[in-house]
Amino acid sequence: MIINGVQIDDTFAEAFNMRGTRVIITAQNLKWAYNAANAMTGFATSVIGCGVEAGIERELTPEETPDGRPGVAILMFAMSSAVLTKQLETRMGQCVLTCPTAAAFSGIEGSSDEVTRISLGKNLRFFGDGYQISKQFGGKRYWRVPVMDGEFITEETTGMVRAVGGGNFLVLAESQPQALAACEAAIEAMRKIPNVVMPFPGGVVRSGSKVGSKYKSMFASTNDAFCPTLKGLVRTELSPDIESVMEIVIDGLTAEDIRKATRVGIAAACSLGAKNGIKRISAGNYGGKLGQFQFHLRDIMSDPSLNDLAPGAQA
Amino acid sequence: MSALTLTLKISLQQRLDVSALTPERLAGKQPAEIAALTLPYGRQQLRVDAIFDLQGEDTQEIILANGSDKLDYVGREMKSGSITVHGDVGAYAGFQMHGGKLEIRGNAGAYAASGMSGGLMHIHGNAGDYLAAAIPGDRKGMKGGTVIVNGNAGDRVGDQMRRGILLIEGNVGSYCATRMLAGTIGVLGSVGDHIGYGMRRGTLLLTRKPAAMHATLQDCGTHTLPFLSLMFKSFADLPTRFAAIGSNRVQRFAGDIANDGKGEILILQ
Chain R
1 MIINGVQIDD TFAEAFNMRG TRVIITAQNL KWAYNAANAM TGFATSVIGC GVEAGIEREL
61 TPEETPDGRP GVAILMFAMS SAVLTKQLET RMGQCVLTCP TAAAFSGIEG SSDEVTRISL
121 GKNLRFFGDG YQISKQFGGK RYWRVPVMDG EFITEETTGM VRAVGGGNFL VLAESQPQAL
181 AACEAAIEAM RKIPNVVMPF PGGVVRSGSK VGSKYKSMFA STNDAFCPTL KGLVRTELSP
241 DIESVMEIVI DGLTAEDIRK ATRVGIAAAC SLGAKNGIKR ISAGNYGGKL GQFQFHLRDI
301 MSDPSLNDLA PGAQA
Chain Y
1 MSALTLTLKI SLQQRLDVSA LTPERLAGKQ PAEIAALTLP YGRQQLRVDA IFDLQGEDTQ
61 EIILANGSDK LDYVGREMKS GSITVHGDVG AYAGFQMHGG KLEIRGNAGA YAASGMSGGL
121 MHIHGNAGDY LAAAIPGDRK GMKGGTVIVN GNAGDRVGDQ MRRGILLIEG NVGSYCATRM
181 LAGTIGVLGS VGDHIGYGMR RGTLLLTRKP AAMHATLQDC GTHTLPFLSL MFKSFADLPT
241 RFAAIGSNRV QRFAGDIAND GKGEILILQ
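Those sequence lines, one after another, are chains R and Y. Read in order, the letters of the first sequence are residues 1 to 315 in my numbering. Read in order, the letters of the second sequence are residues 1 to 269 in my numbering.
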């Protein structure tokens, strides 16, 4: 399969069951909503080192937020509900409670087999040292905690759902600037897709890993088969003209959301085409043995049901 | 199915207890069975069809086509559906109501919404004394739900109220929010003396500062409280003028500090 001169490998991304949640953060203006949200989703690129993977999903207009102030929606993913609950609580306490004017609200409503209520501000209220005030509006409980800038407002709980983490694709290009340009284009398009985040810096990761290492203490190490400087040394996956590879990792609330993000991301990268040095699109997997989900690139790029999101490959 | 409509056909001399006429208690009953039910009327028991003309059969939607200030316990313990009264009601309207909608297109007597724990009560006219208060012997008044009063209310509004939202667009009498345990009361009009006496927690929202306040209600200064926007936004679908309040700037009084002092009286600026 070739799109605009870019070869789409016959391979798949391997993804995992995760737990995900959404939090709506509002503040006096977008600047301070971003300050809180950036802190809350900081150091959250990979579950391996950070516990959670998180990112900003999108901006919200004052009409969309519960308190009528500007805000942002963030998504947070972890491998287990225990880790997600713990991380949400500590990040709320250190990043939102502390941020001037910021407030936090549930981003996933309801309670059912699919949606579990987890604590958002439920335990942060004790920061109020007895002066905290509970209020119930529209069947939801909120906490008002007196703080030095006025009052910190938080909803008591948010919803946690089963989610999918680790969708990905690789951009192989003739030079580092060209690979980065393609990834930037892909990320810009993918940020318009709801229910997904790309948790790495700027959405892009350069240090793809393989399982295992020559060192006993390491359980993952650099993906030498895709390292351009090792082309002559290892069993490389790269042709002589590839000089740089970058990866985009996608976490989403459902597999369908990841399919959509993959489609628009690859389409945007391919729109730059071979003439801009973009040669191949591939994906990372573990031979299909570890993950519960597989995202086959050619299948996604030829799926006619995604045609209105982004152009795919001609049949 | 058309709404079950009851039209009062006698002039009531005694108090009439209409507890039995709720969607739950009438569910599954045929019109003839409803007509044969008896209601306490003073010391007597009267058949429903001796008091009311009956029409329609949908027991989830009950209409009292005219009212009387002697109709007690309208919507007592109702959980779902709706009751609409085109006229006045007596005491204990919505007593221990759990859910559904009770609409009174007239005035209500004493102890309306006492023990109420859910649902929506809308009084188009005035409410009597002890609105959302506890009856003697009970330790808690209203425990949840929403009450809207377009007119005025009497004394002791929200006495020992525990939870829920009580919105009064007119004036209220003395001793408003006394011994309040929690919840929210809003008053657009004036309030009488002794507001918030013994108030433990909860919020009393006023549009103007009362002439006198107890020394145990302490001024905490003027603030912009974001939770108020959240609250007014949650009123958007309710038939109340409170939904249109744009300001969230208030002067905050905390009290009653003789009783823990976690309550607040907010005066819109």
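Don't read these hints as lab results, they were simulated from the structure. Values in this document were obtained by computation on a predicted structure and should not be read as measured data. Some clues are possibly wrong.
What the hints assert, rightly or not - When the alpha-carbon atoms are kept at most 20 Å apart in a straight line, the in silico SDA-like pairs for lysine to any residue are as follows: (1) K262/Y to M148/R; (2) K233/Y to G68/R; (3) K79/Y to A3/Y; (4) K140/R to T84/Y; (5) K140/R to F227/Y; (6) K262/Y to F242/Y; (7) K233/Y to M148/R; (8) K101/Y to E151/R; (9) K233/Y to L290/R; (10) K233/Y to Y131/R; (11) K262/Y to G130/R; (12) K233/Y to E151/R; (13) K262/Y to G150/R; (14) K140/R to F242/Y; (15) K262/Y to V145/R; (16) K140/R to D58/Y; (17) K79/Y to G138/R; (18) K233/Y to L230/R; (19) K262/Y to R141/R; (20) K233/Y to G130/R; (21) K233/Y to S134/R; (22) K262/Y to F127/R; (23) K233/Y to R141/R; (24) K262/Y to P70/R; (25) K140/R to K233/Y; (26) K101/Y to G139/R.
Against the structure, the hints:
For the hint pairing K262/Y with M148/R, the CA-to-CA distance comes to about 18 Å; that is within 20 Å, so the pair holds. Between K233/Y and G68/R, the direct Cα distance comes to roughly 8 Å. Compliance with the 20 Å bound is thereby established for this hinted pair. For the hint pairing K79/Y with A3/Y, the CA-to-CA distance comes to about 17 Å; that is within 20 Å, so the pair holds. For a cut-off of 20 Å, the pair hint linking K140/R to T84/Y is broken: about 27 Å separates their Cα positions.
Proximity of K140/R to F227/Y is assessed by CA-CA distance (about 13 Å); at most 20 Å being required, the pair is judged to hold. Using a Cα cut-off of 20 Å, the hinted pair K262/Y and F242/Y is violated, with the two alpha carbons roughly 24 Å apart. For the suggested pair K233/Y and M148/R, the alpha carbons sit about 25 Å apart, so the restraint of at most 20 Å is broken. The suggested pairing of K101/Y with E151/R is violated, with an alpha-carbon distance near 34 Å, which exceeds 20 Å.
Of the pairs offered as hints, the one joining K233/Y and L290/R is violated, with about 47 Å between alpha carbons and a cut-off of 20 Å exceeded. Distance hint between K233/Y and Y131/R is unfulfilled; the C-alpha atoms sit about 24 Å from each other, more than 20 Å. Between K262/Y and G130/R the alpha-carbon distance is near 9 Å, which keeps this suggested pair within the 20 Å criterion. Between K233/Y and E151/R the alpha-carbon distance is near 18 Å, which keeps this suggested pair within the 20 Å criterion.
Between the alpha carbons of K262/Y and G150/R the distance comes to roughly 16 Å, so the proposed pair stays at or under 20 Å and holds. At roughly 19 Å between alpha-carbon atoms, K140/R and F242/Y fall within 20 Å of each other, so this suggested pair holds. With a C-alpha separation of about 13 Å, the suggested pairing of K262/Y with V145/R holds against the 20 Å cut-off. Between K140/R and D58/Y the alpha-carbon distance is near 32 Å, which puts this suggested pair outside the 20 Å criterion.
The hinted pair formed by K79/Y and G138/R meets the criterion: a straight-line CA distance of about 17 Å does not exceed 20 Å. For the hint linking K233/Y to L230/R, the alpha-carbon distance of about 60 Å lies beyond 20 Å, and the restraint is violated. Of the pairs offered as hints, the one joining K262/Y and R141/R holds, with about 18 Å between alpha carbons and a cut-off of 20 Å not exceeded. Taking the CA atoms of K233/Y and G130/R, the gap is near 27 Å; set against the 20 Å cutoff, the hint is violated.
At roughly 17 Å between alpha-carbon atoms, K233/Y and S134/R fall within 20 Å of each other, so this suggested pair holds. Using a Cα cut-off of 20 Å, the hinted pair K262/Y and F127/R holds, with the two alpha carbons roughly 16 Å apart. A distance of roughly 15 Å separates the Cα atoms of K233/Y and R141/R; the hinted pair therefore holds under the 20 Å criterion. Pair hint K262/Y plus P70/R does not hold up; C-alpha atoms about 31 Å apart against a cutoff of 20 Å.
Our distance criterion of 20 Å between C-alpha atoms is met by K140/R and K233/Y, whose separation comes to about 13 Å. Annotation: proposed proximity of K101/Y to G139/R holds, straight-line Cα distance about 16 Å (limit 20 Å).
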